[in-house]
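Participant: Take a look at the letters that make up each chain.
4 protein chains.
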Amino acid sequence: MAITLGANQYGKAETRLVTVRRDGERHHITDLNVSIALRGDMTASHLHGDNAHVVPTDTQKNTVFAFAREQPVGEIEDFALRLGRHFVSSFEYITGARVLIDQYGWDRIDDHPHGFRRSSDEKRTTAVTVAGDQAWVVSGLRDLVVLKSTGSEFHGYPKDRYTTLPETTDRVLATAVNARWRYGRQNVDWATTFGSVRATLLTAFADTHSLALQQTLYAMGEAVLAKHDDVAEIRLSLPNKHHFVVDLSPFGLDNPNEVFFAADRPYGLIEGAVVRDDAPDPGLAWDTLSAF
Amino acid sequence: MAITLGANQYGKAETRLVTVRRDGERHHITDLNVSIALRGDMTASHLHGDNAHVVPTDTQKNTVFAFAREQPVGEIEDFALRLGRHFVSSFEYITGARVLIDQYGWDRIDDHPHGFRRSSDEKRTTAVTVAGDQAWVVSGLRDLVVLKSTGSEFHGYPKDRYTTLPETTDRVLATAVNARWRYGRQNVDWATTFGSVRATLLTAFADTHSLALQQTLYAMGEAVLAKHDDVAEIRLSLPNKHHFVVDLSPFGLDNPNEVFFAADRPYGLIEGAVVRDDAPDPGLAWDTLSAF
Amino acid sequence: MAITLGANQYGKAETRLVTVRRDGERHHITDLNVSIALRGDMTASHLHGDNAHVVPTDTQKNTVFAFAREQPVGEIEDFALRLGRHFVSSFEYITGARVLIDQYGWDRIDDHPHGFRRSSDEKRTTAVTVAGDQAWVVSGLRDLVVLKSTGSEFHGYPKDRYTTLPETTDRVLATAVNARWRYGRQNVDWATTFGSVRATLLTAFADTHSLALQQTLYAMGEAVLAKHDDVAEIRLSLPNKHHFVVDLSPFGLDNPNEVFFAADRPYGLIEGAVVRDDAPDPGLAWDTLSAF
Amino acid sequence: MAITLGANQYGKAETRLVTVRRDGERHHITDLNVSIALRGDMTASHLHGDNAHVVPTDTQKNTVFAFAREQPVGEIEDFALRLGRHFVSSFEYITGARVLIDQYGWDRIDDHPHGFRRSSDEKRTTAVTVAGDQAWVVSGLRDLVVLKSTGSEFHGYPKDRYTTLPETTDRVLATAVNARWRYGRQNVDWATTFGSVRATLLTAFADTHSLALQQTLYAMGEAVLAKHDDVAEIRLSLPNKHHFVVDLSPFGLDNPNEVFFAADRPYGLIEGAVVRDDAPDPGLAWDTLSAF
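Sequences listed follow chains L, A, D and C, in order. Quick note, the first sequence lines up with residues 1 to 292 if you use my numbering. Quick note, the second sequence lines up with residues 293 to 584 if you use my numbering. Quick note, the third sequence lines up with residues 585 to 876 if you use my numbering. Quick note, the fourth sequence lines up with residues 877 to 1168 if you use my numbering.
Worth flagging that the hints you see were computed from the coordinates, not collected in a lab. In this text, all values refer to a predicted model and were calculated from it rather than measured experimentally. Be aware that one or more of the hints could be misleading.
Below, in silico cross-link-like pairs of lysine-lysine (DSS-like), each with a Cα-Cα straight-line distance of 27 Å or less [said to hold, decoys possible]:
{"id": "1", "chain 1": "D", "residue 1": "K825", "chain 2": "C", "residue 2": "K999"}
{"id": "2", "chain 1": "L", "residue 1": "K241", "chain 2": "C", "residue 2": "K999"}
{"id": "3", "chain 1": "C", "residue 1": "K1117", "chain 2": "A", "residue 2": "K533"}
{"id": "4", "chain 1": "L", "residue 1": "K241", "chain 2": "L", "residue 2": "K123"}
{"id": "5", "chain 1": "A", "residue 1": "K415", "chain 2": "A", "residue 2": "K533"}
{"id": "6", "chain 1": "A", "residue 1": "K533", "chain 2": "A", "residue 2": "K451"}
{"id": "7", "chain 1": "C", "residue 1": "K1117", "chain 2": "C", "residue 2": "K1035"}
{"id": "8", "chain 1": "D", "residue 1": "K743", "chain 2": "D", "residue 2": "K825"}
{"id": "9", "chain 1": "D", "residue 1": "K811", "chain 2": "D", "residue 2": "K743"}
{"id": "10", "chain 1": "L", "residue 1": "K123", "chain 2": "A", "residue 2": "K533"}
{"id": "11", "chain 1": "C", "residue 1": "K1117", "chain 2": "L", "residue 2": "K123"}
{"id": "12", "chain 1": "D", "residue 1": "K825", "chain 2": "D", "residue 2": "K707"}
{"id": "13", "chain 1": "L", "residue 1": "K241", "chain 2": "A", "residue 2": "K519"}
{"id": "14", "chain 1": "L", "residue 1": "K227", "chain 2": "L", "residue 2": "K123"}
{"id": "15", "chain 1": "D", "residue 1": "K707", "chain 2": "C", "residue 2": "K1117"}
{"id": "16", "chain 1": "C", "residue 1": "K999", "chain 2": "D", "residue 2": "K707"}
{"id": "17", "chain 1": "L", "residue 1": "K123", "chain 2": "A", "residue 2": "K415"}
{"id": "18", "chain 1": "C", "residue 1": "K1103", "chain 2": "C", "residue 2": "K1035"}
{"id": "19", "chain 1": "L", "residue 1": "K159", "chain 2": "L", "residue 2": "K241"}
{"id": "20", "chain 1": "D", "residue 1": "K825", "chain 2": "L", "residue 2": "K241"}
{"id": "21", "chain 1": "D", "residue 1": "K707", "chain 2": "A", "residue 2": "K533"}
{"id": "22", "chain 1": "A", "residue 1": "K451", "chain 2": "A", "residue 2": "K519"}
{"id": "23", "chain 1": "D", "residue 1": "K825", "chain 2": "A", "residue 2": "K415"}
{"id": "24", "chain 1": "C", "residue 1": "K1117", "chain 2": "C", "residue 2": "K999"}
The following residues of chain A were derived to be distant from chain D, with all beta-carbon distances above 12 Å [to be verified]:
{"id": "25", "residue": "A305"}
{"id": "26", "residue": "R313"}
{"id": "27", "residue": "D370"}
{"id": "28", "residue": "D399"}
{"id": "29", "residue": "D403"}
{"id": "30", "residue": "A423"}
{"id": "31", "residue": "T442"}
{"id": "32", "residue": "R453"}
{"id": "33", "residue": "T455"}
{"id": "34", "residue": "T484"}
{"id": "35", "residue": "A491"}
{"id": "36", "residue": "D521"}
{"id": "37", "residue": "V567"}
Glycine included, every Cβ here is placed at the ideal spot set by N, Cα and C.
Bound-form chain L, shown alone:
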């Protein structure tokens, strides 16, 4: 029996990069949160503190800033690919990289040339994995909060001695959409596809008459795949943000689905993948290492 080093990765997390690009008087801003994780033969550092293979996380941060100046940032998927490939190609002992980027949206104030307002708390995301010559791109979005005030039912579920939930044919359905989709190829118009996937998710959420949040999840995923040939798979994590009908009968009032209490915890959590049956192997696309 011996004790050995298992899987490992390290990097700089959450470098907050904002860039301003000038188009004459008209400015364009990009607001990113960039996290990098590198992999390779890091045994000597772990066992002996020999850091000959440890590209400092501080250098990783510097690289993010320098890259943003050397070339326009462009779409986050491209920026992540450039960063990931740089580390893998620049250091022979770095064999893999994962680059995660969250992008915050900004709208112009009154079409102002340099005045902006943060759009919302929603983030556009990417997770790019590079290993040797290969690369996998996952795009996504987080914290897109949506609600349907009707058009949602829940019944027909199994009952046991611990069941008290009444069946319902009309309830509020609300969630914060967390979606990630992997591409079957990399020659993609990232921005256009992102916009289209996002719109598809929203429409499918609103239009699906829901008998279960699972059904809504699948409908959202299916609609995305049906409309986007280059998306091989989509994964959705949907917290069921419960809105409970308040019992107003003690006050002599009815409540025909008009007054709700929005609860914090506990919440349902529905997670699932929708895939093409001929999708290419995911490879390391979903890899995170972390079991945390």
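Chain L is fixed; fit chains A, D and C onto it per the hints.
Facilitator: Same frame as chain L, but now just chains A, D and C:
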């Protein structure tokens, strides 16, 4: 020398109320976070645990839900006034009430009749104080995050032995607007005024060529007062969300205000009031009791 | 009618200062979050962007770090006084300062000379106000979470048509203690008094048989004043962190106060001051300017 | 080409359970946050909204509360196993379950029989996976914040054109320990082992003279495995909470590692596993499904 009870208040905080109003097939939703604080002669409860004057916070929560059914919620200022006056008029020993409401915005998905998307993290707020027959209304907004990529300078400040900040004639200026304004009267079209004040704040932020965040603060407040006769005073709390120009010279790169690091802490915090010199006395409008 | 500048203040918030003091091999660490707000004649900056009176918030931050080197930080009350007095005495146009400090606690790991573990989420706090030659010191603590599993009742409260809460003679009582106390004088052993006040609050919370959280609040405050001559007033803000007895009867089970659901929102919020009737005038001790 | 359902799971997240156990006058409390995810054949629900296999998340919550009454909760690992096995054995279409529990610690106030104080923000955790007759147990802890004020170096790393970090032979090393370890068997004294693993992690962090956080990570993991035969593998995720030496030279001051700025973002993130080379296959121990 004796030990006595000083100022005090109590109530139910953060009741999360969501209402659905039907306009035929077309639904309208209201999403509120309601906090109530009551005042009165609470000495017996504090000294002896005699709760004859303590309207339970649970009852306050129930009242929020019941009121939302008995009458349409309407604008948050009106709902807060109704709630505050209810407690003061219903219980002789309750002499005052403060009701704070945050409202979350929702947009329709594709003009859907019952499908919605949370607009942003920004909140519309009100703080209503009722004391006996009197009432004061403060309206506001929070977490409206804005940024100017140019049109901001900072120089001419005093230097001492601890000063290292270089003067600048071009910097990024970003803040999360927290604004509260009190009305000189109560016969106000709350929703219209809110929209107009918000638009005025945004435009003034974007259009003011800023020599200091203080100047921007004042310009924002002045513009609101100049356009809204019924606003007597506005208070602004503006965190200076620093965006530092990254020094790229070690990498042989210049940085003509293109690449920034968005810092978390520390941050500047600029707070100030802009008032009419003939404004009515604020009375209890700004009262919070809490020194916490 | 004219529009004018009202009350205002500005400064650097949340400078995160950690110091290491060496006592031979044995190190001592201090972990602080320092926020400064300055006041004075800032009219020219607000109206014209003339910053001749605006000591930069960046300089304030530098001063925090430099002061930590020029002299041992010591107790947070003393450090806040030094900082506040520095700004008021160094710049004639700065007439007042407020310095707020949160301190995080650290314990040694196995009595290690330089290895430490963060004690908890609880913070020791101070809020010092300096105006001209005068100064007021408020000390406090935040986020001290406590719970009694019995010894708490709540009944005898008024009922109206919105009351549904059942009376109880045995409930769980839990809160996160937020306390601030002002001193009647400044020649105080801050550290010893802090420890003693904290211990008194804990013991009073645990030992008071509670008929209302208000009663517990008063008992806690009274005990502090009774034991500490130099404390003139204490203010407590106590969220009632509800623990609801779960109704297990649908499952054929009783629940003799054994199984609880810990709720997030809404929560009760009980706030009050306990004062000596001969306490000196608070002056600006509780001043915050901010109505936010 | 067809679109199909991929991996999926669903359940109730973050049920906040607090129990009180009476030992005569002396009470014992348990404070848990329980999350459940179930797996099985959920195709009909996703495709057609047929919920015949969907044990409601509300029932899952009820089960948590009922189980806490039917039998003492005991150690979180045992409670998670009971819950996971219940769902898998009670419903033929439920083939797997994951149960994650966070436990908050409480200390007695002055050895009080029923008065308690929350220990800290640190959580003891477990993640149990049940699949058919098999079960895997992972235990852990989160948010154990530690700091060394010396005994940490970092040098010998590769330099490239983006490197600016100076080498150091003395720096502050701070992290928030997130650790998870899986057991090679299930007949374990969970509480005793937890306490011993935690103590081992703390001692190894403090005692390891660190040339890299990677080295500290490995030393912590190795020490745990060396002392605990029943631990097959440990995974550590260690954010490098940077404490930067403040440059005080502009103020004419030196700074011999005495004054530090504690930064928020970006931060390093070092993750790795330490394993026995004869460890049993992890099976589903680390399974999370979620790529979110």
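Participant: Does each hint fit the structure? Answer for all of them.
Facilitator: Taking the hints in turn, this is what the structure says about them:
| no. | hint | in the structure |
| --- | --- | --- |
| 1 | D:K825 <-> C:K999 | holds (19 Å) |
| 2 | L:K241 <-> C:K999 | holds (25 Å) |
| 3 | C:K1117 <-> A:K533 | holds (21 Å) |
| 4 | L:K241 <-> L:K123 | holds (19 Å) |
| 5 | A:K415 <-> A:K533 | holds (19 Å) |
| 6 | A:K533 <-> A:K451 | holds (22 Å) |
| 7 | C:K1117 <-> C:K1035 | holds (22 Å) |
| 8 | D:K743 <-> D:K825 | holds (22 Å) |
| 9 | D:K811 <-> D:K743 | violated (38 Å) |
| 10 | L:K123 <-> A:K533 | holds (19 Å) |
| 11 | C:K1117 <-> L:K123 | holds (25 Å) |
| 12 | D:K825 <-> D:K707 | holds (19 Å) |
| 13 | L:K241 <-> A:K519 | violated (40 Å) |
| 14 | L:K227 <-> L:K123 | holds (22 Å) |
| 15 | D:K707 <-> C:K1117 | holds (19 Å) |
| 16 | C:K999 <-> D:K707 | holds (19 Å) |
| 17 | L:K123 <-> A:K415 | holds (19 Å) |
| 18 | C:K1103 <-> C:K1035 | violated (38 Å) |
| 19 | L:K159 <-> L:K241 | holds (22 Å) |
| 20 | D:K825 <-> L:K241 | holds (21 Å) |
| 21 | D:K707 <-> A:K533 | holds (25 Å) |
| 22 | A:K451 <-> A:K519 | violated (38 Å) |
| 23 | D:K825 <-> A:K415 | holds (25 Å) |
| 24 | C:K1117 <-> C:K999 | holds (19 Å) |
| 25 | A305 | violated (4 Å) |
| 26 | R313 | holds (22 Å) |
| 27 | D370 | holds (19 Å) |
| 28 | D399 | holds (24 Å) |
| 29 | D403 | holds (32 Å) |
| 30 | A423 | holds (17 Å) |
| 31 | T442 | holds (16 Å) |
| 32 | R453 | violated (8 Å) |
| 33 | T455 | violated (5 Å) |
| 34 | T484 | holds (21 Å) |
| 35 | A491 | holds (19 Å) |
| 36 | D521 | violated (9 Å) |
| 37 | V567 | violated (4 Å) |
When held up to the earlier numbered hints, the structure conflicts with 9, 13, 18, 22, 25, 32, 33, 36 and 37 and fits the remainder.
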